[in-house]
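Its first residue numbered 289, the sequence shown is counted upward by one per residue in my numbering.
Since the hints were made in silico from the structure, they are not lab data.
One should not assume that every hint holds.
[Unchecked claim] Subject to a maximum C-alpha distance of 25 Å in a straight line, what follows is the list of computed DSS-like cross-link-like pairs (lysine-lysine):
id, residue 1, residue 2
1, Lys358, Lys445
2, Lys445, Lys339
3, Lys513, Lys374
4, Lys358, Lys374
5, Lys445, Lys374
6, Lys513, Lys358
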Amino acid sequence: MRVGFIIAVLALVSFGAFRGCFGGASTSWNQRLTLVVETPQGEVRGSSVTKVSVVDFSGPLVLAEARGPKSSLQGEAVAVEVLPGKWLFALIGGAENPAGNAAAWAEVTYAPARDAANRSRGYWERVADIQRQPYDTPVPLPPESWPMLVTFDDITKPETVREVDPEDLAAVFGEGVRLKTVTLEITEEAVTAGRVEGVLGWMPDYQERPIIPIVDPMDFTLPAKLRAGDFIIRSSED
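Take these sequences, add in the hints, and give me the full structure.
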């Protein structure tokens, strides 16, 4: 008993020392993104819950260039069947503006660093603002943080993917179709799983894989640039 207790204490102390050398502060939150689309047949909507995890690397053994908070994501894109067989996807990655990717949505929405009051505050203070939000209370996602929207001319063929202008859904889906709202909310609901695969059965298993089977190194079109991880990230280890 005594030996076991001593070993447990030493292990705890060693773990504490290890974390002290590499930082180790961490936190996470779940967030639900919802799109509401107006169509001639009425409103349709889709939502997805993603999880953002943040770890602070700041200990004395961490290289200077690697220090600071690092975020990871788990979850999948929002899939909305705008018209029968015609789908709109709000991606979790792939946006040229980093604020449009899922890991940044909450900070831009609840604690935007562009505001002078928030620029003077530390990152973890802004994260605390996110976690103080009331659960399941949707607020508008700022337009500068809207995700990349895509659709497929043929849902069975990844090479037919194309980007959709959020201000002009009618150009793709026809007259009378428009994006009505994009909202974010902090939630305790579980991370969404399986919806995207249910629509895009051909999606590669690994997040680093392009969505098309073969990519020419000189091909810079959207089908060649998009990765499975822009649609689905099952965990940071995927």
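These are the hints, each one checked on the structure:
| no. | hint | in the structure |
| --- | --- | --- |
| 1 | Lys358 - Lys445 | violated (35 Å) |
| 2 | Lys445 - Lys339 | violated (29 Å) |
| 3 | Lys513 - Lys374 | holds (22 Å) |
| 4 | Lys358 - Lys374 | violated (36 Å) |
| 5 | Lys445 - Lys374 | holds (13 Å) |
| 6 | Lys513 - Lys358 | holds (24 Å) |
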